[in-house]
Amino acid sequence: MAETQLTRKDFASDAEVKWCPGCGDYAIMNAVRDGMIAAGKPRDEVAIVSGIGCSSRFPYYMETYGLHTIHGRAAAIASGVKVGNPKLDVWVISGDGDSTAIGGNHFMHAIRRNINLNYVLINNKIYGLTKGQYSPTSEMGQRSKTSPYGVIDYPMTPLKVAMGLGATFIARGLDSIMKLSSEICIRGAKHHGLSMMEIFSNCVIYNDGAHKQLSDKAEGPNHRIILTHGEKMIYGADNQFCLVQAGFGIKKANVADVAEADILVHDEKNAELATLLAGMRPDAGLPVALGIIYADDSKKTYDDMVYEQVNAVKAKLGRTMDQLMQEGHTWTV
Amino acid sequence: MAETQLTRKDFASDAEVKWCPGCGDYAIMNAVRDGMIAAGKPRDEVAIVSGIGCSSRFPYYMETYGLHTIHGRAAAIASGVKVGNPKLDVWVISGDGDSTAIGGNHFMHAIRRNINLNYVLINNKIYGLTKGQYSPTSEMGQRSKTSPYGVIDYPMTPLKVAMGLGATFIARGLDSIMKLSSEICIRGAKHHGLSMMEIFSNCVIYNDGAHKQLSDKAEGPNHRIILTHGEKMIYGADNQFCLVQAGFGIKKANVADVAEADILVHDEKNAELATLLAGMRPDAGLPVALGIIYADDSKKTYDDMVYEQVNAVKAKLGRTMDQLMQEGHTWTV
Amino acid sequence: MAENAKLTKSEQIVVKFAGDSGDGMQLIGNQLTALAALDGNDVNSLPDYPSEIRAPVGTIAGVSGFQMALGDHKIYTAGDHPDVLVAFNPAAVKHSSKFVKPGGMIITNSDSFTEKAMEKVGYKSNPLEDGTLKGFDVKAIPMFTLVREALADMEMPTAAKDRCKNFFVMGILCWLFNKDSKLVLDFIQEKFGPKSKKPLPLVAEANTRAFKAGLNYGETAIMFQERYDLGAAQLEKGLYRNITGNDAAALAIAAAGIKSGLQPFIGSYPITPATDLLHYASEFKDVGLVTMQMEDEIAGICSAVGAAYAGNLAFTTTSGPGLSLKTEAAGMALILELPLVIVNVQRGGPSTGLPTKTEQSDLLQSMFGRNGDSYMPIIAANSPADCFDATYQGAKIALKYRTPVIVLTDGYIGQGSCPWKVPSMDELEDLTPYVNFWKPEDHPGETYQPYRRDPETLARDWAIPGTKGVQHRIGTLEKDALTGAVSHDPMNHQIMTETRTNKVDNLAAVLPKAEINGKDSGKVLVISWGGTYGAVKGAVDRLIADGKSVSGVNLRWVWPFPPNLGDIISRFDKVLAPELNMGQLSMLLRSKFLVDVVSLSKVQGDPFREFEVIDKVNEMLGE
Amino acid sequence: MAENAKLTKSEQIVVKFAGDSGDGMQLIGNQLTALAALDGNDVNSLPDYPSEIRAPVGTIAGVSGFQMALGDHKIYTAGDHPDVLVAFNPAAVKHSSKFVKPGGMIITNSDSFTEKAMEKVGYKSNPLEDGTLKGFDVKAIPMFTLVREALADMEMPTAAKDRCKNFFVMGILCWLFNKDSKLVLDFIQEKFGPKSKKPLPLVAEANTRAFKAGLNYGETAIMFQERYDLGAAQLEKGLYRNITGNDAAALAIAAAGIKSGLQPFIGSYPITPATDLLHYASEFKDVGLVTMQMEDEIAGICSAVGAAYAGNLAFTTTSGPGLSLKTEAAGMALILELPLVIVNVQRGGPSTGLPTKTEQSDLLQSMFGRNGDSYMPIIAANSPADCFDATYQGAKIALKYRTPVIVLTDGYIGQGSCPWKVPSMDELEDLTPYVNFWKPEDHPGETYQPYRRDPETLARDWAIPGTKGVQHRIGTLEKDALTGAVSHDPMNHQIMTETRTNKVDNLAAVLPKAEINGKDSGKVLVISWGGTYGAVKGAVDRLIADGKSVSGVNLRWVWPFPPNLGDIISRFDKVLAPELNMGQLSMLLRSKFLVDVVSLSKVQGDPFREFEVIDKVNEMLGE
Ligand SMILES: Cc1ncc(C[n+]2csc(CCOP(=O)(O)OP(=O)(O)O)c2C)c(N)n1
Ligand SMILES: Cc1ncc(C[n+]2csc(CCOP(=O)(O)OP(=O)(O)O)c2C)c(N)n1
Ligand code: SF4
Ligand code: SF4
Ligand SMILES: [Mg+2]
Ligand SMILES: [Mg+2]
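Residue numbers (this note's numbering), protein chains in the order written: chain A, 1 to 333; chain B, 1 to 333; chain C, 1 to 623; chain D, 1 to 623.
Hints listed in this document are in silico derivations from the structure and should not be mistaken for laboratory results.
Check before you lean on any hint, since a few could be wrong.
[Said to hold, decoys possible] A few chain C residues that face chain B, going by a derived Cβ cut-off under 10 Å, partial list only:
#1 V57
#2 T59
#3 S268
#4 S282
#5 Q293
#6 E295
#7 I298
#8 P321
#9 T352
#10 G547
#11 S549
[To be verified] Here are a few chain D residues that sit away from chain C, every Cβ distance over 12 Å (derived from the structure):
#12 G104
#13 M105
#14 V435
#15 P444
#16 G518
#17 D541
#18 S586
In this text, all values refer to a predicted model and were calculated from it rather than measured experimentally.
Beta carbons are placed, not taken as given, at the ideal position from N, Cα and C, and that holds for glycine.
Whenever a hint applies, use it, and build me the whole structure from the sequences.
Shown next as structure tokens:
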């Protein structure tokens, strides 16, 4: 059917996109469209569920089924959509506030249950829609409308938490590296299980430059590493840095100073390694990990198990509704 | 003052304890009392905040200030108590459902903020008060009133999640090992920062034997390891097993088969190690880690920073309330 | 001997069991209920247990009770004052004897009146001897002694033998109420016999013997001068089953799903006293009912909204505090205009309040507990069995009008039980006509408009994800009255707000008219809703029988009100609304009809007794 | 030239600015507000911006508006129809011209009427020329051209120069309204001059020139035939400041904490339109106000309850959907009987609804949005400045009665601004008497009982953690009426439920009597509450001036009602309640007083205009 030849354009609804000029979310939307194209589902079998936030306006701009819900609950609602109709390709689009502040509990449990959702966490480290308050992913000391003297909450690293919950797929992208974001969404779309895709986005109005350290043309490459399965962990503007093991941890080294064999090789299937990679932060002298950090298709999804159980009970007991109603002590008058 | 010579008895209120005979919570209450004694605060400077659940009945039985609140919110309420009056020694007592189901979001953020709370998570892997439904810590396949055909949710490991959130103190105890629980509560009480103390409890009515694998006289020692800082990780009924490093992970070995030097030594201050230890599960062939798994006093607490900031602003701006009210454009009529 | 114990015909007997919560009071209560029901009586029961899982043994706080009324006619409540109290220990006597009707019978286990047990509840001397209970017909029976005798030659621990006292008592009652002992013997076999799930031959044997010993004791002990004989109630013909309100609602959920052709779905989180509903529903996987126990109430309703969006027939179940957590998401279902049924089993409030006790204090929360102008229909179940129909009707209206509906029950009817005439699936109304998903093939040449409405019901056109070619976006911001696109247009908001309100108001027109119990006009009209139905019906019947100018009307739908309610009210001098709250329905009636409705308010964790309503009405009649 | 432009005295001028949301409409509006206020006028303003952060440039959806009324007398609203509309682009003209009063003035930037800009909003031809605007006094001014000329020799990008058009317009208005230009010049220096936070000499220079160019243009261009001259309003003597409702509430929170001797605490979560309150309050660290931005609304109120328990003066701030999430925890504060103030800035509902628009539809949610019978006092602010007093009074009652109190404001008064007579801390009522923590030393020989009550207020004895020797336990289960220990006793629950209700009802007796605006009796009584105060006050004043038999009464406390309200109502033939909802107050009034209150309901995200109230009253008067 024609649907398989879909292009990004086909996924654009006729609603006018209302993000600020320069908002990072534009690029991310294209990446998500690439993911949907790759998944190959017809548009009318795709449902996007979002919460509330600038990023959560996303569904309006997509030529699929879309549900713009309430703040923080997208993961719980999407869980119901997926279990309600497992044939649908269900995406969650949510901001850092939506997912890690008010939505934290549903974020946790959707990951724990490994429901087969494609979850895009658009992280601009700020509450954009409400005009600039700090979020759980904002940095210590960051000044915002509600932290005029600086944030005193330690920032949360969503992907690290996700690994603690047994995530089966985690990846991290950056709005300004379009190609990478697309790869992530394509792999995520195909992953069987919950794909947690955190993509850094730049809020030009309320947190401009939040990711500059990573996106900077010259310096960026020295503070980020783009992981590829099976390849050595070498990074830097001139590939001068690498990562090596140190005890149970990872440390940065100069390629020049270490034996090639000591340079770590990325393994998407290594959960312990992924946990460490997900948590790397520049303030600890380590690069931020981008790309597909962890991907394991071997774990059953919650939605699969729901229907396995339903079918098992049908096979084992197979009562009819009339039988159910007539169970127990009955008598006739 | 006499208060320093306090005994467990002194911490017993005159309310009749209404837990079922044999409930694991009795032992845990004694451990907590030991912790409070060690902390050395007078009873009227101790506040216990609990949610709802059998375990959350706890405050009624303690001769301290106590607040039995609503389901799942104890951590958020206790955060307000501690910030409201940092002089108080504030304890949170909460069940696995209270903390990891409905209370999951507050559990996460209290840990992330490292508020100076002593948090006892009483984990019986069931909803006791409501008579036996599975909880997020229940095992796959477990049968309960709401999972007559077996649980299909993957279980959550609270301490692993806690490490993902940057916890500064995590420990795990078992109701039947009284001495260990006391040690944990004593260290936890003294820790500056949020002390997350998970203590397994046996619900004799609705989930009897949930921890049998660990508590069993004969077999228990083969499935658990009691960690001591600086000591080798050797365990087993006859100290026959040990833990050794395997890549970025940990594996079980027979003491007989490995060089002594390869046996891991516990280091409370190693976060990467702690993350691995917190996540060890018998179904992965590893013992459950008990004892103090991680303890790091170096991180500032949220409550400290609140007042540091208040004082800094007082010093820097030091406006009076009248000045605040008269700010901006004013005119006199 | 039996000969000289005369058999008195009686119309209704009220029995109450009281003992330690560990002593299986609910079990024995349910057994007698079943026994009486199987014998053709109508039965209504009211369990009443402490909120602690295991309150301390032998204390007042630890007393677990189970009251029931059996009759040869339709029974509407578990009765006012027990004719017979079976109190298994001193605590039970102390706790419950005061409720027994003057001259009523108190059967108790004299073996349990030890010094220790008595002082634990503050009896200085033995109440069975010191006249504390004078005015009652006390039967002090050494149950342990007699049961141990009966099981003397059996190899089992005394504790186990003592547990058989319950069946010993069943024996006495079986004789006392002239029931067919075979039913009990069969029951013992069913439960413990070889064909049972886990056969326990020893237990079966022991209980059988204890039961027979009880029967004998009744016949032989001279202490019983009279026996009660209840004729069969004239119930509608059909297959009957004794059922609790929570179980009935669970069945209705599955049945409604099947009859609508949609997958039934429950997104929920456990909470007393609603949890039993989820327990029972969780067993229905084989008929395709999907239940998700979510991480909290918010996720419970949210998963249900998601399932509804995907085209399931979605429900969420809860009690008071849980409902207050669901309010924001209920508002979402409302503005999305998706069908959703919220079953709320009311309990004592505010806050955690009295979790195991009944109350009707969530009515106004159900009406108004959402931000913005957001009205939704509310239906109330008026008996355990009626929970089936109320839930089924709620589902029908939710589908037909594309709206969330709240079904209100309460701890009393949710946990209480009564006989239920089991419908066959064929009898139940077909719900498929109310689904009518919008599909392009049914509307050639039309373009789909998510908020185009059916002119009569105002239900919007509903197309679910997966429908070919009509992918579209909806959300919780105010939206255009036709396209559903986000709209900040002032007049559009006015129109949408009015439309949402009218949708619910219009429902009134098609709701069944309220039926009057009694004359069309008169001095006092008593309005009941939900759990107060039984006591009011019983009271009004008795008042009418006494020739009083009183009528009753019951509200099945609490919002909107039935079309003829205003007219009915206008034909009475005074209006009384008995409620287990501080006057919540009264306030709705007053504001709607500007009538000085008198509120009879009771908040004691306990349903109304008929006499309480009768006394109030008489007071209003000036008598 | 100035000479031939005559200076007409006028009592009130309504001005509206409209332009792209990026164009600084709110800024210029606030500047004119300040200018007029500094000049002694009374001012009332109403911002109105799109909910999108950045709605597309040049579209209707992207139009940001700011309306204000300036007068030589007390001004209660931002006015009905603008006398002068300043519309910066075609979209603004299309969006706002219809509101302008017949014959009113429309000042616009003719340079912005490009083909592209016009077709973007569907103008086929130029409305400035094709008669679309006939009936209005259109001043089409080539602003860009004129400003660029004025700044010709300055080194700055044209875009930057064009931005100076706002001060150019300020120049025109300054002349048109006969204001003192010095005030504006000072303002420019304050903002950009050498002494400002970040000096921008170039911008200062450019804006100064643009402003002067505007002044000149007014004087010299023959297009203006008349100027307006407003005398100073007779305001109460004192120091004034222009303030928004949210800022006023933030100040009240800090002030109440200080005057009660307790640490002020806010536990909150951002939500439009309440967030500005939290923004401003977050700056008050130096006076010791602690603000915690929590992970969600539930944690926001829960942290506040915790802080209250610890002895802080605790607040939580939110809007509609946030309030619905706080309901369960509000019930906790209620049963714990702890002081807590919930400030709710109402917005358009249901669900996410219209986040940036105003509405009064959370009244019934505030009344009833909790499980169980759970009443709490509700106070409503009736103007931006009044948000200070309403919040302060709310805190006082919360402390005095140990109860949660809800303070209702709305998007209109929360974000709108008006002059505020700044009180000195000495003037403010001392709140320490209402704190009186229970300390053993004050009660020799007494034992502390958490639920012993003050016989008059029914406030319970309050001892906070850290108090020597009185450690005790309280919780959310129903508790003993004296000791606070868990109690399942039926009568105790009845007593406690009644006590909690009475506590709020009794408050009525000591509340200030409602004051009548107009005669004590008559044909129509108009009842206002909160944000409707201004429009009703203005309307009733005008109706009275026209000799109509109309009076007004405003409800400061919405629950309980003022003691004399029933008496007042009884003295009027008809009662009207205008509300920005579907009739929520009406329903409370109807049920309480059994009077057929007429509801004037408006849900358009926009406050009432005086004429809307006047028309309705006239209709009721049959005129
Ligand atoms: C219940 C509720 N609480 C708060 C809000 C206000 N609110 C809307 S979006 C938002 C946060 C947005 O931040 P984020 O999720 O990071 O999305 P972004 O705008 O940055 O893309 C908040 C606090 C709301 N709409 N509903
Ligand atoms: C808002 C709300 N939802 C649900 C409940 C019902 N409830 C009370 S305790 C509980 C779970 C108890 O489990 P846990 O926290 O593990 O404590 P335990 O009883 O096992 O010690 C539940 C579901 C409630 N009281 N309030
Ligand atoms: S405010 Fe920030 S996040 Fe929102 S649309 Fe604009 S740039 Fe994007
Ligand atoms: S039910 Fe279980 S958890 Fe609750 S008190 Fe009894 S044993 Fe303990
Ligand atoms: Mg964000
Ligand atoms: Mg538990």
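How the hints compare with the structure:
Because the smallest distance between the Cβ of V57/C and any Cβ of chain B comes to about 9 Å, under 10 Å, the interface hint for this residue holds. Satisfaction of the interface hint for T59/C is found here, the shortest Cβ-Cβ separation to chain B being roughly 8 Å, below the 10 Å cut-off. Among the interface hints, the one on S268/C holds; its C-beta lies about 8 Å from the nearest C-beta in chain B, closer than the 10 Å criterion. Because the beta carbon of S282/C sits about 5 Å from the nearest beta carbon in chain B, less than 10 Å, this interface hint is met.
For Q293/C, the interface hint holds, the least distance from its beta-carbon to any beta-carbon of chain B being 5 Å, beneath 10 Å. The interface hint given for E295/C holds, since its Cβ lies 5 Å from the closest Cβ of chain B, which is under the 10 Å cut-off. Checking I298/C against chain B by beta carbon gives a least distance of about 9 Å; that is within 10 Å, so the hint holds. Annotation: P321/C was flagged as interfacial toward chain B, and the flag holds, the nearest CB pair being 7 Å apart, inside 10 Å.
Interface restraint check: T352/C against chain B, minimum CB-CB distance 6 Å, threshold 10 Å, status holds. Using the Cβ-Cβ criterion of 10 Å, the hint placing G547/C at the interface with chain B is not satisfied: the shortest such distance is roughly 48 Å. Hint on S549/C is violated. Least Cβ distance to chain B is approximately 47 Å, over the 10 Å limit. Distance to chain C confirms G104/D as a non-interface residue, since its nearest Cβ pair spans about 20 Å, more than 12 Å.
The beta carbon of M105/D sits about 24 Å from the closest Cβ of chain C, which is more than 12 Å, so the claim that it is off the interface holds. Listed as outside the interface, V435/D is consistent with that label: its C-beta sits roughly 24 Å from the nearest C-beta of chain C, beyond the 12 Å cut-off. Listed as a non-interface residue, P444/D keeps its Cβ farther than 12 Å from every Cβ of chain C; the least gap is roughly 32 Å. Against the 12 Å criterion, G518/D stays outside the reach of chain C, whose nearest CB is about 25 Å from its own CB.
Its beta-carbon lying about 26 Å from the closest one in chain C, D541/D satisfies the requirement of being farther than 12 Å from that chain. Non-interface call for S586/D relative to chain C: violated, since the shortest CB-CB distance, roughly 8 Å, does not exceed 12 Å.
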